[in-house]
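Chemist: As they're listed, the protein sequences go chains A and B. Just so it is clear: in the first sequence, position 53 is 53 by this note's numbering, and no numbers are missing. Each number in this note's numbering comes from the position in the second sequence (counting from 1) with 218 added on.
Take these hints with a grain of salt, some might be off.
[To be verified] Straight-line Cα separation of at most 25 Å, DMTMM-like style, residue types lysine to aspartate or glutamate; simulated pairs:
id: 1; chain 1: A; residue 1: Lys153; chain 2: A; residue 2: Glu73
id: 2; chain 1: B; residue 1: Lys340; chain 2: A; residue 2: Asp74
id: 3; chain 1: A; residue 1: Lys153; chain 2: A; residue 2: Glu88
id: 4; chain 1: B; residue 1: Lys340; chain 2: A; residue 2: Glu88
Keep in mind the hints are simulated off the structure, nothing from the lab.
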Amino acid sequence: MNGLLIRDLRLAIRAGGGFGLGLAFFLIVIVLMPFGIGPETGMITRIAPGILWIGALLACLLSLDRIFALDWEDGSLELLATSPLPLEAVAGIKALAHWLTTGLPLVAAAPVLAVLLNLPPQGFPWLIASLVLGTPALSAIGTFGAALTVGLKRGGLLLSLLVLPLYVPTLLFGAEAARRGADGMDAATPLALLAGITCLAAAAMPFAAAAALRVNLR
Amino acid sequence: MSLSVHSLSCARGGLQVLTGVSFAVAPGEALILRGPNGAGKTTLLRTLAGLTPPLEGHVDAPADGIAYAGHADGLKAQLSVAENLRFWSGVFGASGIDRAVDAFDLSDLLDRRASNLSAGQKRRLSLARLLVTGRPVWCLDEPTVSLDVDNVARFARAVEVHLTGGGSAIIATHIDLGLPNARSLDIGPYTRRNQPAAADEADPFLSEGAL
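Let's have the full structure, built from the sequences with the hints guiding it.
Modeler: Structure (C-alpha cells):
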C-alpha cells in the first residue's frame, strides 16, 4: 500500500506527472480575477472567499482524469486489480495521492493568493481550515468520477459533468465557512458540515470507485 | 495448487465468446492455448485472472494464486527498471527482485527509465514482474511478442524453472516454446460467433455486484 502511494507521488513529481498543473491553474484564475472584475473598492474583498473556493475546485477538477486514466492506458490498472491489494484500497490510495499532489499545494497557496484578493486578516484561518477540511472530499469524490469514466477515450468532459453536481455541497459549505470567517462571524456550523461531507466521501467513495472500476475492467 | 475449469462460458463486451470450456492444469504442467485471432484466448485468460466474471461455469484456482500478464506491459515510463520491479515486488509482498533481474538479464538496464527501453526490453521487464509476484499459476497472453530468439529461449527457461518449482502456466501463444511438460488446447471448437450474452449480463450496470 505504501508502495503504491510512493509510486504515485514519485510519478506526479517526475517530468510529465502534472504535479504543478492544478496549482498553476489556481494561480492564473486568482491573479486574473481582479483584472476581470475591476478596481471597485471592496468588491474583490467581498467575493474573495468564493473566488478562492471556486478556483481551488476547478484546479482540482482539472487533474482528476489522470487518477486512473494513465494506469488504464499502460495496463497497470489490470495488474493492480489482479494483485493482492483490494481495489478499494487502490482507490483510497489514489485519492490520497491526488490530495497530496493537488489539494495540499492548493491549501498552501491559498493564503498567498488571498493577499492578492485583499481578504480581511481574520478570514485567513477560516479559509485555510475550510480548504483543509474540504479539499479531501473533492479528491475522494473525484476519484469516484474518474473510476466511472476510466475506460472512455476523452472521458474528461463526462467526468466534469458527473462530478460537478457532487461538488456543490462541498463548495457551498466551504465557501460559506470562509465567507463567515472573513466577515468575522461564527463559522463553526458550516465547517462541521464540511467535515461531515469529507468523512462521508472518504468512507464511501473508495467502495463506490472500486465497484465502478470492476465494471470498467471487464 | 492446481487450477481447473468447469464448463466455462466467457463474454467480452456483451458478446458471448466461449462456451463449455473445461480443463485442468496440475502443478508442474503448462497449458498452451491455441486458436486463430479472435478465438477467445484473451477473454479466457481474463476470466481466469478474475477480471471478467464468467457467464456460466466456474474456475477452481488457489486463492490469490494467479499472476496475469496481458498485452499491455503495465510499466511506468517515468520510473526506472529497478523502480518498476521494486514497486510490484512490494505490492505482492515479495522479498527481492534479484532473481527476476537475473532470469531476464536486466542487470545492465536497472537504472534506465522504462521510457528509454526498446519494445523487447520492455517485454522482458514485464515478464520479470511474474517472478516477483511469487504466484503459482501464470496466465500469459502472447508473452513472446517483440522478443528475439534468444529472449524467447530465456523466457522458456524461466517458465521451465517455474514449472519444476511446482508452478503451472497457461500461455496463449502462436509460437512453439519447446516446453517439455506442455499440453496444447485448441479453443477453436469452443468459440461462439456473434452470440449476444443474456440481456441482463450484457449490461454490466444491471448485473449483480456492479452497483
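Chemist: Next step is simple, just say for each hint if it's right about the structure.
Modeler: Hint by hint, here is what the structure shows:
1. At most 25 Å may separate the alpha-carbon atoms for a hinted pair to count; Lys153/A and Glu73/A meet this at roughly 10 Å.
2. Using a Cα cut-off of 25 Å, the hinted pair Lys340/B and Asp74/A holds, with the two alpha carbons roughly 12 Å apart.
3. Distance check on the hinted pair: Lys153/A and Glu88/A sit about 24 Å apart at the alpha-carbon level, within 25 Å; holds.
4. This hinted pair does not check out: Lys340/B and Glu88/A have alpha carbons roughly 29 Å apart, beyond 25 Å.
Going down the numbered hints, you'll see the structure goes against just number 4.
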